[in-house]
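J.: These protein sequence lines are chains A and B, in that order. Residues in the first sequence are numbered from 1 upward in steps of one, following this note's numbering. Residues in the second sequence are numbered from 1 upward in steps of one, following this note's numbering.
Derived by calculation from the structure, the hints in this document are not laboratory data. For clarity, every value in this text was computed on a predicted model and none was experimentally measured. Check each hint, because a few of them may be wrong.
What the hints assert, rightly or not - Here are the in silico distance ranges between beta carbons for each label pair: (1) VAL65(A) - ALA422(B): 26 to 36 Å; (2) VAL441(B) - GLY63(A): 36 to 46 Å; (3) MET75(A) - ALA422(B): 32 to 42 Å; (4) GLY63(A) - SER102(B): 40 to 50 Å; (5) PHE32(B) - VAL190(A): 48 to 58 Å.
Stated by the list, open to error - Pairs of lysine to aspartate or glutamate, EDC-like flavour, derived with a Cα cap of 20 Å: (6) LYS367(B) - ASP274(B); (7) LYS170(A) - ASP153(B); (8) LYS163(B) - ASP232(B); (9) LYS367(B) - GLU437(B); (10) LYS34(B) - GLU101(B); (11) LYS34(B) - ASP180(A).
Where a beta carbon is used, it is the ideal one built from N, C-alpha and C, also for glycine.
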Amino acid sequence: MLASLAFWAFSGVAILSALMVVIARSPVRSVMFLILSFISAAGLFVLLGAEFLAMLLIVVYVGAVAVLFLFVVMMLDVDFAELSAGFAENIPLGALVAVVLAVELLMIGLTWESAPQAAALRAAVTPDGLSNVEALGTLLYDDYIYFFQAAGLVLLVAMIGAIVLTLRHKPHVRRQNVADQVQRRAEDAVELIDIKPGQGIGE
Amino acid sequence: MNTANPIENIFLLAPEMLLAGGAMALLMLGVFTKGQGANRLISMLSIGLLIAAALAALFLTGDGGLVFDGAFVVDPMAVFAKVVIGTSAALALLLAMPYLESERLAKFEYQILLVLAVTGMAMMVSANDLISMYMGVELQSLALYVLAAFNRDSLRASEAGLKYFVLGALSSGLLLYGASLIYGFTGSTGFADIAIAVSGEYNVGAIVGMVFVICGLAFKISAAPFHMWTPDVYEGAPTPVTAFFATAPKFAAIVLLARVLMEPFGGMVDQWRDVVWILAVLSMGIGAFGALTQQNIKRLMAYSSISNMGYALVAIAAASTIGLWSLLVFMSIYVFSVIGTFSAVLSMRTREGMVEQIDDLAGIAQKNPGLGWSLTALMFSIGGLPFFVGFIGKFFVLYAAVESGLIILSVLAVLFSVVSAAYYLRVVRVMWFDEGEVEFVPASVSHYMITRIAGIASILTLPFVGWLIYNATTAGTALI
């Protein structure tokens, strides 16, 4: 009873906040509603028994991605009202596309046949006797280690590529050199001069 | 899933682990050293690494087998492909060294990205699962996009990189969509399981998925009608990058395509043969007629590559053991002839810089006989004229097609081959009979050597083709 109440609350908030992301006037508010939507989805994951995924969703999406969005939205001075000015004229076309998509989804939904084992698989999100983290770890580091490592290599290539194509060493920019800073001694930087009263430095 | 020990035999992965580990070690070396000498050292080490990976594939993988629950396969076909890919990539890097130094592009990331791309190709030819297929394809493509735009201050190279990236992303989308359909309708991503699932009843969903996968891979081998990016990317990218594009990635993608069609969808030959048939005819036609009006030698090679992929597809359409080994023979000969040709293109340097128009070759046979003779032999060989090794490749492809009863396709292939001979002969005519005042400066040692050796090899290796065919037949029978 309590679980189904929580499910309706979380899913209701998730859908409403997702709607608000689209229709909110201020982009900053959109991002805030996006965060609310993520948190509701995290609640749904907890209900499914996937605590680790719920935590990941909060840490990665709310903690990193949404904050990044917020920075971008605040830093780029984009006038979203101006961007959506032509919205009303395009409504018929948009509605047509939406209807077509809805009909297609309906056709798929009506003809869909689930595999016979699907219900059983859905009931057991994690294997018995394993915690979430263990189950994910087994998948990623035992069963799918090859794909996981290959994905790592793809990301390494992406990183090298981004650096090769964008990093420029400008000649006049002074770069920090930690080793030099640490090795700097007082004698090299500061000169102590004993000034007699009334004489000044004398130069 | 077998969770006890997914890595039964670590030596089966020797080439990939060498390449990936070596690339990361060289990356560290590159970051913490500076100067021209260090860059040259990294180039030499990378070439050594590529050769070592080819040797590891040849000698360390033993009898082959499956790793990671069947996601990764080592069979004679994969070993053959890894040897050709490793060697041709090493040659492409050797070609790149003097060019990068003279064009002020010598940055160590070039070698690292090339080695990582080759890692992706090795994963592609060993892929035995939809996910490992996609991972391999994506690893090599991502590295290739960056290499295409490597000369980031050149507008044309940036455009080439961007174009390649956008169309490549589109093709990856097609590939993934097809893979998801296949998974949805067969319930597995493993090639062996898919083969069992589609062997039974007529499965429309899996066929649609398979056609999408073929389209995605056709982008990667630049088969028409998915060839639009090829001429622009070949022209815009730095020449040694183009030389690399035209060789190892093509070989990897065509071997992957052959494996996908013969292994999981081997039972659906009648369904995919028509698709491959159309791709082959379009590629040969567009390659042959498109090249006739080209003035730039790199664009000419792009169209030549499109039409040669058409012949490779003819071999796949044969869907037989003969088709597979003739595919390997044809592609091996093609890859090494193209390396030689691009070495000749890289020798086209005047006092002002690189030139790449066909007219710039005018009268080169008199002024620089070595270059002229070599390029002539290579053009004849790629064009498939008799008494050159390229002829042997095309001959066996046609033989395979006739054996499988594809008479119309063989006739079309011969006709388009005659058309394409016209533009190879045009290059030869310009070199021998036209007057030109362009003077080339002496080529660097590696370009000089590779051009001459490839030129001589296009005739003198004829007796050794038997040895190549012997190895390819063992590799080609692996899939059936």
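J.: Which of the listed hints are broken here?
T.: Hints 1, 2, 3, 5 and 6 contradicted; others consistent.
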